[in-house]
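Note that the protein sequences, when read in sequence, are chains E and C. Read in order, the letters of the first sequence are residues 1 to 361 in my numbering. Read in order, the letters of the second sequence are residues 1 to 361 in my numbering.
Any given hint could be a false lead.
Since the list gives no way to pick one copy over another, a pair counts as held whenever it fits inside one copy or between any two copies.
To be verified - Heads up, simulated DSS-like pairs for lysine-lysine below, C-alpha to C-alpha not over 27 Å straight-line:
1. Lys203 - Lys87
2. Lys209 - Lys87
3. Lys289 - Lys260
4. Lys129 - Lys203
5. Lys260 - Lys203
6. Lys133 - Lys203
7. Lys49 - Lys67
8. Lys209 - Lys49
The set of hints was computed from the structure by calculation and includes no laboratory data. Because the structure is a prediction, the values reported are computed rather than measured.
Number of protein chains: 2
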Amino acid sequence: VTSSGLRAKGKSNLNASITVALDAMGGDFAPEMVVAGADLARVRYPNVKYIFFGDQSRIEPLLREHKVLQPLVTIHHTDEAIANDAKPSVALRSGRQSSMRLAIDAVASGQADCVVSAGNTGALMAMAKMVLKTLPGIHRPAIASFIPTAIGESVMLDLGANIECDAENLVQFAIMGAIFARTVLGIPEPTIGLLNVGAEQLKGNDVVKAAAEALRSQPIPGRFHGFIEGNDIPGGAVDVIVTDGFTGNIALKLAEGMGKLYSGFLQRSFRSSIMATLGYLLARSAFSKLRERVDPRRYNGGMFLGLSGVCVKSHGGIDAFGFANAIGVAVDMAVQGFNERISEELLRLAPAPAPAVQLQQ
Amino acid sequence: VTSSGLRAKGKSNLNASITVALDAMGGDFAPEMVVAGADLARVRYPNVKYIFFGDQSRIEPLLREHKVLQPLVTIHHTDEAIANDAKPSVALRSGRQSSMRLAIDAVASGQADCVVSAGNTGALMAMAKMVLKTLPGIHRPAIASFIPTAIGESVMLDLGANIECDAENLVQFAIMGAIFARTVLGIPEPTIGLLNVGAEQLKGNDVVKAAAEALRSQPIPGRFHGFIEGNDIPGGAVDVIVTDGFTGNIALKLAEGMGKLYSGFLQRSFRSSIMATLGYLLARSAFSKLRERVDPRRYNGGMFLGLSGVCVKSHGGIDAFGFANAIGVAVDMAVQGFNERISEELLRLAPAPAPAVQLQQ
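Only chain E is shown next, with the shape it has when bound in the complex (with noise of 0.2 Å):
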């Protein structure tokens, strides 16, 4: 498999009808957001479906103000959704009428290619990972995001599924995000780096450097380019940055925090003398360029990695922009076969052990 090759077969399945499940009860703004968000979503993928799960005496008076969205909408009714605060285990038992468990089962049951919600992130994964099942050989499904760059943008995982992982997990982590890399981002030979405190082999904890010995001696998608530090994540060093669930939850939400700091103080810079506000007016057509840059809507997004298929959360807060880039990229995965190279990378690296020999009885 060349990756030229996996660009050239994902582009031609573009064209391919893809339909999306929503969860339309799912983040604070919802279900207004999901419906214009949907809307944007169709200018990019105008021949893609969408189903949306939830109340429809509030769907279908939005859907009246969006008339060329209409026709590609189905609504499936249901009065329950899961709050925010649901317990996943709770949400498993009790909610199996609501809009994102239905999203998901519509998934599953092949009526659509991929599901994208803005709730729960806990209830979520739990939901997803019980309905749609882990990929054979992954044992455990990684949340992925993308981070902006100097140079771009980085996939980062794993950004809470898994708290404690071991050296096996945080290779299929690897593995995982290096092909999410090529299909969905089209990079041919991504480069992978292990989160670390130093750069040097000898550093960091005994998982880390086992994954490490692991990822340099065996054959994966794209380049293992070592271990990587915390400055590095901006610096753009590698396509793919590979974590633990608690270290990149926190380095995610660190650096969106360090973003906000950032715009912060710039605007009070610009606030704070008459000079400046003149400054910043004269400066603001490069401004409003770098604010697009890093808007947090622009990496908006959490990828369910590992999964038998696809399934994107949403940040709960976020608005119909933001929402449609989280549809962009389960339409992507979707298009692009993620899943089913996700499945032949596995069998190319490690091929089906030999029959067992029947023990006598």
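Given chain E, work out where chain C should sit, using these hints.
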């Protein structure tokens, strides 16, 4: 012990004569920046004396260029220096005559009140631990540093001394960090946050959950705020951020890297058009304030907390201004009796156990 008492006591010591042991050969720009850094620190602390450990033939000519500093300095000559890439174990064994080791020895012998080095972090921690020993009652020393926030600055620890930590370690880091915030930053009731993947009590691994439980139930200096998330760090949610050395190291370097990323973006924006450049010229003085506010040299200094002696690690690539700040924090810790406060607090929190019953032979 009231906090106002602590501050007052600290202040009354400000005229005490303090001697700083300096590793004159540590850091990328040593010994030039060490001499220039001490000269800058002299302005703020005119009564402080210095012992320079290192190559006399290189230090003496530099001192001749800093005439006011010269009478405050003693040179202790040594030919040896610890290489930046030296393994801590090798530095311990064969670095007994190194500038770094002799500077630490000077604190152990009482010749100096604190030591500052911009050399090899691992070697400095290993030597400081062996020579100065851990404070009675403290299981593991930690590295703490400042981090700029939206509302000021916070202290974060551990930053890499302990890659793996148990709950008891995290609790002790919280206590040491809080006493640092009290005595050196002058915050009477510092708030303490435990870094985690979510704010809810159920989130996280067993170690952070057990540490949070202990911090909630036992008396501590300051106030335990609970779990904080990555984005709470730049937000300035707490005065003291507690985490293990793996996560802390990655978080600190990531925060520094994000700072560089944004200042790079800013520069590029201002250079992107003539209008933007004109805007920059108008807003320049506002931006020089911002640059000062987030200048990493202001936050230079990795404080080794939990040792029977004050030891501060400066960034290796720092200039004289940054090095002077590292000297400043070491002097503050010595003057304010940071280690004495830690010992007092440990005694107060866990009174000495009754003498163990002698086992009959």
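Sort out which numbered hints this structure fails and list those numbers smallest first. Of the numbered hints given earlier, the structure breaks just one, which is hint 8.
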